[in-house]
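Colleague: Those protein sequence lines, which keep their order, are chains S and E. Residue 150 in the UniProt record's numbering sits at position 150 of the first sequence, and the numbers go up by one each step. Residue 65 in the UniProt record's numbering sits at position 65 of the second sequence, and the numbers go up by one each step.
What the hints contain is simulated information worked out from the structure, not anything from laboratory work. Please note that the accuracy of each hint is not assured.
[Claimed, not checked] Over the 10 Å line for every Cβ pair with chain E, so calculated as not near, a few chain S residues:
hint, residue
1, Arg7
2, Asp56
3, Leu77
4, Arg78
5, Glu106
6, Val110
7, Arg139
8, Ala140
9, Gln154
10, His156
11, Pro158
12, Ala166
13, Thr188
[What the hints assert, rightly or not] Covered stretches of chain E, as calculated for chain S (at least 3 residues, CB under 8 Å):
hint, stretch
14, 21-30
15, 84-90
16, 107-113
17, 163-176
This one's a predicted model, so the numbers in the text were calculated from it and none came from an experiment. Glycine included, C-beta positions come from ideal geometry on N, C-alpha and C.
Number of protein chains: 2
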Amino acid sequence: MRPPDPRTVRSRAAALTSARELLVEQGLAGLTHGAVAARSGISRATLYRLWPEPPDLIQATLTWHIVLAQAPPSGDLRADLITALSATRAMLHEPAAEQGMRVIIERAGVDPRFAEVKESLHHSGTRAVREILTGAVARAELPAELDIDLALDQLHGPLFFRRLVAHRSFDLDYVHDVVEDFLHRHRTEPTRPQGST
Amino acid sequence: MRPPDPRTVRSRAAALTSARELLVEQGLAGLTHGAVAARSGISRATLYRLWPEPPDLIQATLTWHIVLAQAPPSGDLRADLITALSATRAMLHEPAAEQGMRVIIERAGVDPRFAEVKESLHHSGTRAVREILTGAVARAELPAELDIDLALDQLHGPLFFRRLVAHRSFDLDYVHDVVEDFLHRHRTEPTRPQGST
Chain S
1 MRPPDPRTVR SRAAALTSAR ELLVEQGLAG LTHGAVAARS GISRATLYRL WPEPPDLIQA
61 TLTWHIVLAQ APPSGDLRAD LITALSATRA MLHEPAAEQG MRVIIERAGV DPRFAEVKES
121 LHHSGTRAVR EILTGAVARA ELPAELDIDL ALDQLHGPLF FRRLVAHRSF DLDYVHDVVE
181 DFLHRHRTEP TRPQGST
Chain E
1 MRPPDPRTVR SRAAALTSAR ELLVEQGLAG LTHGAVAARS GISRATLYRL WPEPPDLIQA
61 TLTWHIVLAQ APPSGDLRAD LITALSATRA MLHEPAAEQG MRVIIERAGV DPRFAEVKES
121 LHHSGTRAVR EILTGAVARA ELPAELDIDL ALDQLHGPLF FRRLVAHRSF DLDYVHDVVE
181 DFLHRHRTEP TRPQGST
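Bound-form chain S, shown alone (with noise of 0.2 Å):
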């Protein structure tokens, strides 16, 4: 593959930078090619080509979010998901990015391009918290018999329903609270070497 060429890049930033902030400012209906066109100065030629639709702006918006957010798990159970859902609620409170997934649930409801866009994301969104529960059923750190779908709402979900329902914002020391609710509810015993056994 050759490097991209530098003006695209340039092109890609700036159109990127517009859309978003069409998107914080005015929703969905705000998100047009024409608009996005005449705040970047960017052609519309070029926009459709980078994106043809509205559901591609928005992908590639919270897929810079996505990318940003992933870290390889330490195999620390606690400080892997801290260190993950800090991320997700990073994300959460970043405003585009807020607004891209409000959007997402509204129209995936609807229309299947957008349900496309919203189940490539929430599996890369989710990868990395499945990974870190899968490593440590591994590790006998958490049950065998963890639900591991419910213990990804369990930790995704009250974030996202105190941000994108309950519309607050919240700490790092709310997701400290989640992540330790988490595990004295399903962590199992920590097994202390002995002697003989």
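We have chain S; now place chain E onto it with these hints.
Modeller: Chain E alone, transformed into the frame defined by chain S:
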């Protein structure tokens, strides 16, 4: 207050039915007074009188569900939580209510009128569980230091996340699991009546 004119009740029901259908089929974009008038046969003048703006229509749809969901707590913590969250589950699986919530989550981010509707629905929608938790704290079945707002997120959050973000349906077993994990983590040890202490 005079009893409502039966014609008004019929118009209102017909219009709400059409509004709910449009919401499910097309999301907010399809929910215009013109489209509701065309489908229901109710005049636009009547529609504007009943619900001046689209947020009013969506609020009317969801309020109906939330009112249905309210039952006075019996005092049995587990049973009351399961009853309340089963109603939330039913609402999340009723197409018009589900899409109404999706629309509100999106619009509340950018439109103050929808933010008000969201606030009012969030308040009435979480009141039942709040009362159940407050009662259980008063009876010392839950600890006095319980963070009630966090508990609300831990009980509602997984349901909303699974339905609106993961986009999966779930049954009553799921509600039982969420309640069971919550009680396992937070419920105080039952004080058994004893002879002398």
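Colleague: List, from low to high, the hint numbers that the structure doesn't satisfy.
Modeller: Those not satisfied are hints 5, 6, 9, 10, 11, 12 and 15.
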